[in-house]
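Protein chains in written order, with our numbering: chain A, 1 to 166; chain B, 1001 to 1103; chain C, 2001 to 2337.
Hint data in this document are derived by calculation from the structure and do not stem from the laboratory. We treat Cβ as the ideally placed atom computed from N, Cα and C, and that holds for glycine. Careful, some of the hints might be misleading.
Stated by the list, open to error - Selected chain C positions facing chain A (in silico; Cβ < 10 angstroms): (1) Val2073; (2) Val2075; (3) Asp2110; (4) Asn2112.
To be verified - Subject to a maximum C-alpha distance of 27 angstroms in a straight line, what follows is the list of computed BS3-like cross-link-like pairs (lysine-lysine): (5) B/Lys1017 - B/Lys1079; (6) C/Lys2276 - B/Lys1079; (7) C/Lys2174 - A/Lys25; (8) C/Lys2287 - C/Lys2276; (9) C/Lys2287 - A/Lys25; (10) C/Lys2276 - C/Lys2174; (11) C/Lys2333 - A/Lys26; (12) A/Lys131 - B/Lys1079; (13) C/Lys2174 - C/Lys2333; (14) C/Lys2333 - A/Lys131; (15) A/Lys160 - B/Lys1017.
Next come the chains, spelled out residue by residue.
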Amino acid sequence: MARALFMSIFLLMFIALFLLLLRQKKVVYQFLVYLGMMVLLGIVYLFLGSEFLMAFQIIVYAGAILVMFLFFLYLYPEEEFKIQDMKNSSLIKILMPSLLFVIILILILFAFDVREYEPSVSVYSVRELAKLIYNQYPLAIFLLAFILTYPMIAIYLLMKGSGSDD
Amino acid sequence: MIASIIILSGFYLLFTKKNLLLAILALEIVFNGINLMFATVSFYYGDLTGQMIVLLSLSVAAASFAIGLILVLNYYRLKRSLNIEEMTELRERIEDGDRDGNN
Amino acid sequence: MVSNDLFLEILLIIIKIAVVLGIALFHAAYTVYAERKIIGRMQARLGPTEVGPYGLLQPIADLLKLLTKEDIVPVKAERLIFLVAPLIVLTFAIVNLSVIPFHPSFIIADVNIGVLLILAGASLAVYGIILGGWSSGSKYSLLGGLRSAAQVLSYEIPLGLSLAGVILAAESFKLSDIVNHQAQSLFGMNVIPQILGFIVFLICAFAETNRAPFDLPEAESELVAGYITEYSGFRMGMFYLAEYLSIYVMSLLIVHCYFGGWTLPNWLLTIIPPLKYVPAQLILLIKVYFFVFLFIWVRATFPRYRFDQLMSMCWKILIPVSLLNFLIVAFLKRAGF
Chain A
1 MARALFMSIF
11 LLMFIALFLL
21 LLRQKKVVYQ
31 FLVYLGMMVL
41 LGIVYLFLGS
51 EFLMAFQIIV
61 YAGAILVMFL
71 FFLYLYPEEE
81 FKIQDMKNSS
91 LIKILMPSLL
101 FVIILILILF
111 AFDVREYEPS
121 VSVYSVRELA
131 KLIYNQYPLA
141 IFLLAFILTY
151 PMIAIYLLMK
161 GSGSDD
Chain B
1001 MIASIIILSG
1011 FYLLFTKKNL
1021 LLAILALEIV
1031 FNGINLMFAT
1041 VSFYYGDLTG
1051 QMIVLLSLSV
1061 AAASFAIGLI
1071 LVLNYYRLKR
1081 SLNIEEMTEL
1091 RERIEDGDRD
1101 GNN
Chain C
2001 MVSNDLFLEI
2011 LLIIIKIAVV
2021 LGIALFHAAY
2031 TVYAERKIIG
2041 RMQARLGPTE
2051 VGPYGLLQPI
2061 ADLLKLLTKE
2071 DIVPVKAERL
2081 IFLVAPLIVL
2091 TFAIVNLSVI
2101 PFHPSFIIAD
2111 VNIGVLLILA
2121 GASLAVYGII
2131 LGGWSSGSKY
2141 SLLGGLRSAA
2151 QVLSYEIPLG
2161 LSLAGVILAA
2171 ESFKLSDIVN
2181 HQAQSLFGMN
2191 VIPQILGFIV
2201 FLICAFAETN
2211 RAPFDLPEAE
2221 SELVAGYITE
2231 YSGFRMGMFY
2241 LAEYLSIYVM
2251 SLLIVHCYFG
2261 GWTLPNWLLT
2271 IIPPLKYVPA
2281 QLILLIKVYF
2291 FVFLFIWVRA
2301 TFPRYRFDQL
2311 MSMCWKILIP
2321 VSLLNFLIVA
2331 FLKRAGF
């Protein structure tokens, strides 16, 4: 009961922050509102029982990625960012697919019977989480390493490319 | 439910704004909504797999958004504008010479 | 009754917060005084001696001066963010204190992920610096703030990696578990098997708090005091208070992670048996005071790093060394220590 109350409060706060985002005129303020949304998301993770995820969300998004975006925004002049946005009348044509998605989602949720799901193992602490990742999901770690080589090659090529042009 | 609202609002932002940085922001909002959906499902079923998925995907997404930002930076240096509607060309315009690159 | 229990718990937490805040702020304020005295003595002069006996009331005089100064907000500044930025830094410097145990039974928030919250607090405190630098409306503050933020952000990586070595050795994220693990281990303190990690952590602690020899953004001879340029009165005081408070937090972290916290190593207790009766708080106090003295000592001794030397040292030297330290810890763990 208390959890439902908190979740509805968070939902209202998210909607309020999103409307605030739409109302801002400068790009920097929009990113600062986005920072608020990331911190709120971290708190929602805490209420969903995953404190480890909260720490990671805050450190990664609010501590590294958004700082990077803010660096870019501060060093480039604001006058070149003023771009007029789309009118609301042409929005309906674009939002039709998402509406379709929402309708199908509601149909699935209410029409089909969701079965009981028994997880095969329940873990409770960070140490067992680490053991589980290492023992039962090594494929995930290999895939991660494989995927991460592509960004490194891209960075190297970008650095080399911009150096040989000048 | 919060997650679906976040995803849909991210898509709305993606379609209405014409600044490239705001498009990347909207994609990040969608990504966070998906992460939240995984965490919610993992909470309601008591299984910890959802949280591990979020952990791994969070770290990969951080690196990929960093690289997206580098691409935007280089494009901005080249064209001095971040309007999506002006990015309509796939290759540079060659003033003299053929379209195949022979001068 | 349930509501009675909840009320008592909340009251207990509020009392703990009041005690910790009182002691920590008192220490932070008097660290300013201690620094001026010690650096003065190291430079063959006396520090402040006018106010009170031996100058002991100097922090109070400073506080009164800061409170009564005029609050200037520049015309081109973004007003709301300008007013709020020092508060962000101070808030997250204080939040770091809530997960550090001062005694085996005295911790405000005993969460499963103690050390990660300190990293998260350090990441969020960077925002106060960036926002403060940008909202001042002048190019000097912007560049100073960005430099400082780049420095803090880069040095968080070796900090996290050397902490990862400590966490791996103790198999838990809680600081009280880390201290207990050190008391029961063969080496006594974590510094002996992880000397490389200790050196990396010490250097990163200097860089994280924007403190000498890495204090380029706020040095008086460069960039006109960086992101603090446009601040005056108590807001400037809040920035400095946050810096000295984070000195305190970092030295507490060093003591808990590498030097055994409130315990003494086993081999020392066998050599000098009377040491068993020294109370835990005294041991912790002596160790923390030594590290705060080390921070002040280093400021008086070393010259400043240039910014590119700073960044190259972080990325080219400290990260490989901390990864090497992690590897060593992994091997030791495998061998059964």
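| said: Checking each numbered hint in turn, tell me which of them this model violates, lowest number first. | reply: 1, 2, 3, 6, 7, 9, 11, 12 and 15
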